[in-house]
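Chemist: The chain contents come next:
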Amino acid sequence: MLFRTLADPTRRALFERLCREGEQTVGALTARSGVSQPAVSKHLGVLKQSGLVRDRHQGRQTHYSAQLGALAPLIDWTSQMAGFWQSRFDHLEDLLKRMDQ
Amino acid sequence: MSNTATETRSVTVEREIPFPPEKIWRALTQPHLIEEWLMKNDFMPVVDHRFNLRGDWGAVDCQVLAIEPNKTLSYTWAAMGLESVVTWSLTPTGTGTLLRVEQAGFRPDQQQAYQGAKFGWQKFFGSLERVVGGLS
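Chains as they are written, first to last, in this note's numbering: chain A, 1 to 101; chain B, 1001 to 1136.
I should point out that these hints are in silico values taken from the structure, not numbers from a laboratory.
Ideal Cβ positions, reconstructed from N, Cα and C, are used throughout, including at glycine.
Treat each hint with caution, since some may be false.
[Said to hold, decoys possible] Covered stretches of chain B (in silico footprint by chain A; criterion: 3 or more residues with CB under 8 Å from a CB of chain A, positions within the stretch not fixed):
no., stretch
1, 1010 to 1021
2, 1025 to 1037
3, 1061 to 1075
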């Protein structure tokens, strides 16, 4: 779900901006996104469904903010490093075969 | 997954390798050999020596903690907000060596993850893109 949500470049750009710049309105996000407001709203809806953003209504404005906790499954370093060390073990074994004594 | 600020976790990978500990030790401790299977480095087998491992994505800051030739080697490993310790152990078997690496450390809390994300964002999503590409 997270992968699919962030695979779309426009959606990913919106999420990155919310991460970097903090909470913003749909209008502010649209102004610099290069796509229409309905398209931005649709992308934000998908991000919200995945738990990556949260919305907050204030008057007629809707403010969106990034929910970094939702990225936890992706930044679980132990699973990243397990894969990293497995591949390094492969390289190490290749090297040992090439080394003399 | 909980949101506690810090939480020690570890990852262990081990493999039986058909070579004696002495030979594997050389690959773990000689800079030109380390470079061939891990990363470019300025490692020296001296306790307290500080060194870097350099990949095309950035550098890992390390410091040697303990050395027992042909048996164990441990060093700190700090990168992208992760503070950890990597410990190698070599145990001779009848036909070779059981090589084990354990990495133990603190999972970044959300604030650190945010800082890490800011610095490593492009890289992070670059990798993500490759993972996504590999899914279909």
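Chemist: The structure should be examined with respect to each hint, and the outcome stated for every one.
Modeler: Now for the hints, and whether the structure bears them out:
| no. | hint | verdict |
| --- | --- | --- |
| 1 | 1010 to 1021 | holds (count 6) |
| 2 | 1025 to 1037 | holds (count 5) |
| 3 | 1061 to 1075 | violated (count 0) |
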